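Engineer: Okay, here's what each chain looks like letter by letter:
There are 2 protein chains.
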Amino acid sequence: MQCSDKKSNDAVNYLEAVFRRIYPQDSLFRDKAVHHLEQLTMPPWALGDLMDLAVDLAGMTRSLEPPVARKKIVVMTGDHGVTAEGVSVYPSEVTVQMVHNFIAGGAGINALARQAGAEVVVVDMGTKVDLSELAAAGKIIGKRIGSGTGNIAHGPAMTRTHAVMAVEAGIEVAEELASEVDVFGTGDMGIGNTTPSTAIAAVMTGQDAAVLTGRGTGLDDEQLQHKIKIVEKAIAINRPDPKNALDVLAKVGGFEIGGIAGLIIGAAAHRKPVVVDGLISTAGALIANGLEPFVRDYIIYAHRSVEPAHRFMHERLGKKPLLDLNMRLGEGTGAALAMNLIEAAVAVLTEVATFADAGVTGSPVKA
Amino acid sequence: MQCSDKKSNDAVNYLEAVFRRIYPQDSLFRDKAVHHLEQLTMPPWALGDLMDLAVDLAGMTRSLEPPVARKKIVVMTGDHGVTAEGVSVYPSEVTVQMVHNFIAGGAGINALARQAGAEVVVVDMGTKVDLSELAAAGKIIGKRIGSGTGNIAHGPAMTRTHAVMAVEAGIEVAEELASEVDVFGTGDMGIGNTTPSTAIAAVMTGQDAAVLTGRGTGLDDEQLQHKIKIVEKAIAINRPDPKNALDVLAKVGGFEIGGIAGLIIGAAAHRKPVVVDGLISTAGALIANGLEPFVRDYIIYAHRSVEPAHRFMHERLGKKPLLDLNMRLGEGTGAALAMNLIEAAVAVLTEVATFADAGVTGSPVKA
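Top line first, the protein sequences correspond to chains A and B. In terms of this note's numbering, the numbers along the first sequence are unbroken and rise by one, the last being 367. In terms of this note's numbering, the numbers along the second sequence are unbroken and rise by one, the last being 734.
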């Protein structure tokens with residue numbers, strides 16, 4: 001363990017160094033964007049949330065022409081020991097089957113990313129089956145922490161060292177891609193991963209598992225009650241410290257959830273917007289936010305899924321998601337849809353004429 | 368008036384002939400789409416509303432590959448006599464100023480339509496200033512019914528003949544464009560038009576004006592109370608018959624609202640999806656729905672605006688809008704944003720692999 005501990009300490013130092021690069025949004029560019037948007041040929045703030053988003057993008061990117069053309073959705077994959085408890089209707093094998101589907105371009109995220117003009121990048125954070133060959137062939141990015149997590153119903157998901165490594169790996173992915181990406185999106189694939197995500201939500205929002213737990217990929221009533229018990233058991237046995245995000249990740253998290261947290265942190269360090277997808281991605285955002293709260297200034301929440309925990313997580317993080325379409329797929333599918341709204345927000349900021357330019361009467365008359 | 372009445376009767380016959388061409392969605396193609404979507408490599412119906420939308424598109428277009436590439440947003444413009452009552456903070460002149468802005472490509476709808484790959488088509492349904500020269504030059508489509516409506520606080524907006532002509536004109540626009548359009552979007556421009564739209568909503572939902580009336584382009588509290596009184600007065604004086612959509616349109620409507628109703632009817636007659644934008648467009652949908660209820664099968668409601676009436680109108684029409692982004696611009700801006708979701712729904716229907724094709728385990732295991 002000594003070797004691991006050294007690695008862990010180095011990594012924590014690495015994390016701290018990255019955190020020091022994360023600043024809040026630039027208020028000057030936010031103000032400039034607000035000033036410009038107020039002069040557009042439309043009633044004040046008539047495009048609502050789209051204009052708020054435009055201001056955020058200006059503040060993130062320090063630009064009144066936020067670059068958003070190059071979009072990548074990073075799908076973090078990993079397996080979960082807790083599947084042994086029967087918390088999912090699908091077997092763990094499906095995780096890797098879906099990785100092959102991603103590579104072949106046949107999954108939901110592939111279709112929606114294509115529509116949004118985004119590329120899909122798959123990262124192996126720790127599937128049960130070793131995917132090193134796919135990584136060596138350049139078809140995915142290999143960042144394996146292990147062959148699936150431990151069963152959180154009986155002990156921690158991973159060691160603290162592995163938790164640090166998972167976050168670090170996510171940051172590395174962001175670093176490696178940053179020069180070719182304007183907007184990051186997060187995605188996930190990991191059979192069983194709504195269970196650790198709900199456990200993270202319970203620990204970090206303080207809500208009961210019974211309120212938060214959802215049907216995941218399709219549990220019936222009885223299976224749902226069982227899943228609630230497993231989430232409660234995982235928290236009771238592991239006693240994660242809500243004030244310590246690494247502790248929460250290690251005890252009731254997942255490799256891909258740590259990778260997502262790292263990707264968010266890395267995006268923020270590069271002042272790039274990162275579109276956070278569904279329940280699992282938002283669990284990653286809770287971890288990232290716990291590690292370095294300034295990351296919140298770079299996150300755009302894509303959508304609210306049907307998983308009950310999701311709403312509480314967004315409330316805890318203090319932001320409203322853009323879409324609410326009764327989705328529950330993950331993979332980054334919500335992030336892909338939201339990419340269109342990001343492009344739209346930039347189009348409003350950069351393409352709409354002002355009252356002065358267009359010769360439109362801008363000063364409202366007294367009604 | 369005899370000449371007008373003849374015209375009116377011919378037009379009603381024309382309307383009846385168009386209504387006879389409108390059939391409900393094809394249930395066979397809906398069923399085929401459901402069957403296909405259930406086999407995709409994802410948990411059952413995991414893309415929620417997007418999958419419902421895909422089924423609707425299949426049912427509308429009688430195709431499992433619904434064509435959606437060619438998109439046009441038709442912005443219907445008209446002026447309103449009720450602006451004399453001080454119901455808007457902008458003067459009527461802004462309607463035509465914005466038409467020039469649309470032509471120059473500088474308005475909100477231009478930016479958002481470009482992002483969505485849609486074209487903007489402007490129709491003069493009856494602005495205060497005659498725009499025949501722009502129509503003759505091919506920059507807009509000319510379908511003028513008159514130089515703005517009458518003041519609904521004192522009498523009807525238009526004659527019954529003009530109401531029929533407005534709807535007919537909208538149908539004609541759909542007919543003229545149908546061969547080059549896969550998906551229609553509706554839009555509007557007309558200073559003062561939230562007042563007739565709210566009056567239509569009050570008549571056709573049965574809700575009180577006080578509950579429905581919003582701030583439009585930016586009324587203060589006092590101005591809002593005044594607008595409520597004007598809506599109430601318009602209904603009290605004109606006594607529109609809620610069971611007679613033409614009567615409602617004639618008494619408290621607007622030329623562009625009639626044009627929008629016609630466009631929706633024309634789109635339905637051509638079995639083309641029509642994306643209905645905000646408050647004014649939805650008032651047009653209420654009129655279209657009142658004239659021929661089968662049109663509902665071809666309407667996609669884009670978004671819920673901040674205008675209070677909008678929610679009640681969607682409830683009356685029995686459909687949930689796709690987006691809710693605190694917008695209140697009109698012009699078709701919500702419809703443009705929704706076009707991306709329509710493309711996404713088709714991408715799900717046509718591009719995602721089935722369990723069998725991808726070799727993914729599709730039968731859920733007993734959890």
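Among the hints, erroneous ones may be present.
[Claimed, not checked] Covered by chain A, according to a simulated footprint, are these stretches of chain B (three or more residues, beta-carbon under 8 Å):
1) 412-421
2) 453-463
3) 474-485
4) 634-647
5) 707-713
[Said to hold, decoys possible] Lysine-lysine pairs mimicking DSS-like chemistry, simulated, CA-CA at most 30 Å apart:
6) A/K320 to B/K610
7) A/K319 to B/K687
8) A/K320 to B/K686
9) A/K72 to B/K439
Bear in mind the hints are in silico, worked out from the structure with no lab data behind them. Quick caveat: nothing in here was measured; it's all calculated off a predicted structure. Even glycine gets a Cβ: it sits at the ideal position worked out from N, Cα and C.
Engineer: Of the hints given before, which are not true for this structure?
Structural biologist: As far as the earlier hints go, 4, 6 are violated by this structure, in ascending order.
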